[in-house]
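Sequence order for the protein chains is A and B. Read left to right, the first sequence gives residues 3 to 189 (the numbering used here). Read left to right, the second sequence gives residues 1314 to 1502 (the numbering used here).
Read the hints as simulated data drawn from the structure, not as lab findings. These numbers were taken from a predicted model, which means no experiment stands behind them. Take the hints with a grain of salt, since some may be wrong.
For lysine to aspartate or glutamate, the following EDC-like pairs were computed, each having C-alpha atoms within a straight-line distance of at most 20 Å [claimed, not checked]:
| no. | chain 1 | residue 1 | chain 2 | residue 2 |
| --- | --- | --- | --- | --- |
| 1 | A | Lys159 | A | Glu179 |
| 2 | A | Lys168 | A | Asp96 |
| 3 | A | Lys101 | A | Glu160 |
| 4 | B | Lys1332 | B | Asp1465 |
| 5 | B | Lys1393 | A | Glu179 |
| 6 | A | Lys168 | A | Asp116 |
| 7 | A | Lys54 | A | Asp122 |
| 8 | B | Lys1393 | A | Glu160 |
| 9 | B | Lys1393 | A | Glu137 |
| 10 | A | Lys159 | A | Glu115 |
| 11 | B | Lys1393 | A | Asp95 |
| 12 | A | Lys54 | A | Asp95 |
| 13 | A | Lys20 | A | Asp45 |
| 14 | A | Lys168 | B | Asp1425 |
| 15 | A | Lys54 | A | Asp96 |
In silico negatives: residues of chain B with every beta carbon more than 10 Å from chain A [unchecked claim]:
| no. | residue |
| --- | --- |
| 16 | Lys1393 |
| 17 | Glu1451 |
| 18 | Gln1466 |
C-beta atoms are modelled at their ideal positions from N, C-alpha and C, and glycine is treated no differently.
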Amino acid sequence: MATASKPNLDHPTFAILKEAFPAITLRGTEYRGQSTLIVEPQDLHKVMTFLKNDPRCDYNFLSDVVGIDYLGYPAPTIGRFAVVYNLCSYERDDRFFVKVFLDPSIPTDGIEEDPALYVDSVCDLWPGAEWTEREVFDMYGIRFRNHPDLRRILTWKEFPAHPLRKDYPLRGRGERETYRVIDRTDA
Amino acid sequence: MGIEAAIPAQGFLTTSLQKLINWSRRSALWPMPFATACCGIELMATASSRYDLARFGMERMSFSPRQADVLIVAGRVGIKMMPVLQRIYQQMTEPRWVISMGACASTGGVFDTYATVQGIDQFIPVDVYVPGCPPRPEMLLEGIRAIRRHIDQEGLPPTGGKRVPLSIAIEPTHEVAPQPTIGVTVGAT
Ligand code: SF4
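Excised from the complex, chain B in its bound form:
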């Protein structure tokens, strides 16, 4: 947040510089992977060469929350894990965003049990919800791009006061393919 504070409130220079800052900020969103379950595998696939998260300047998985901008919660979170997740969130410096990846992180998924948190947004702010079980890498990229668009359009959230999470829900980007019809008969003929 340091550079903006030094910029005068009005003037031609401000807008241009703001654009530059937004561009540089959105081009190097360092993710903090919080991969607790199978969605983490898809997160790794997103980072691997086929989907290549490096295209967005995100190849550097930040295993220290203090040097991360985006917390990607990929997988189910038990209530016993909550202190860890909250601690990681609190250690991240502003500006920070949180992506809830997959059905489990967003809602608890099929794990409707005594120990599984039924949606991490009950306890920490979530900016982007990426649906799927697991979401395809394209969907996660779509979620990341939603944050990038937000930075481009609105810059940073205002300082001070209680900031509200963005609450962006990603829509599936693909058409569901029809089931192939092949001439197979099941059972005796």
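Isolated chain A (complex conformation):
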């Protein structure tokens, strides 16, 4: 940590965004040539729209949407959860990351809907975001506004937790043991 060098914020997209959105908070970071923009959740959708449609950015491909739980992270972070959008421009052969941080407002061990864990869906910009956003919802309980079909995708409907949250035990809370048993007389 002590030897971390200063991030090199010379990705051209940073300057374009700064010029296009003078009024909103934009933060940037960089690691080994990969630049990440950090936006506030309420600004996400308009920034993403710009990144997709502006001819200088032209990020026409969303390769992934992932969630992160920073509970117990050794360095201080802006929020507990993050959603990371992995953007790619085929024409300019360029990758760019956009990140939003979210802080839960209720205890995170259940599956109740948390009004603080909401971000705008980008399905209207990149239809391929549908399943990746469902995965983030399933694993972290982060919900996406205006998502066409926000259901769990990997675990099953009645699953009582969001399993990739760091406060969920690795071996679960008995989900893998409770199921009906059939014997040889069943047919």
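Assemble the complex: chain A is given as a structure, and chain B with the ligand must be docked to it using the hints.
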């Protein structure tokens, strides 16, 4: 189970015919492959020409459980998969056997996580456990031969009542080869 019912309980003919039935039954055990992970590749290798499952009359992989005798569970099973596995088991007609192939199907293997079933025998009856990660084709063949031996020796399990799974655990059939000693030095000399 139809033919046995027609046979009278005693008599010379019964034993001979029983032997014939056992022979024909063990010579055409149609497998239902339930290959969910890497063990499935080894199951395919077992069926391919080198190991040739056809020698045992098993080359016909039955992708319909209703026409299968042996369910081979090859790979890890998530709890979300359990309804499917149980449904397949229930659709199989008697006599049926279940082989749990590999560490994952038998115990969960290294996947000690919230979603992976820690041994399918918690939820369905398992007759033969084949160890390995993955088991070599020889080991799977050994497991299949255990079922064949069982059919030869004991015929069918009795009808009615709760049948207990056979619970046969296969022992490795090979000696572990010693590490070859070759004159290699790692690092600077
Ligand atoms: S036992 Fe090993 S080879 Fe078989 S499914 Fe598990 S990890 Fe794969």
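Legend entry - Structure versus earlier hints - violations, ascending order: 2, 3, 11, 16
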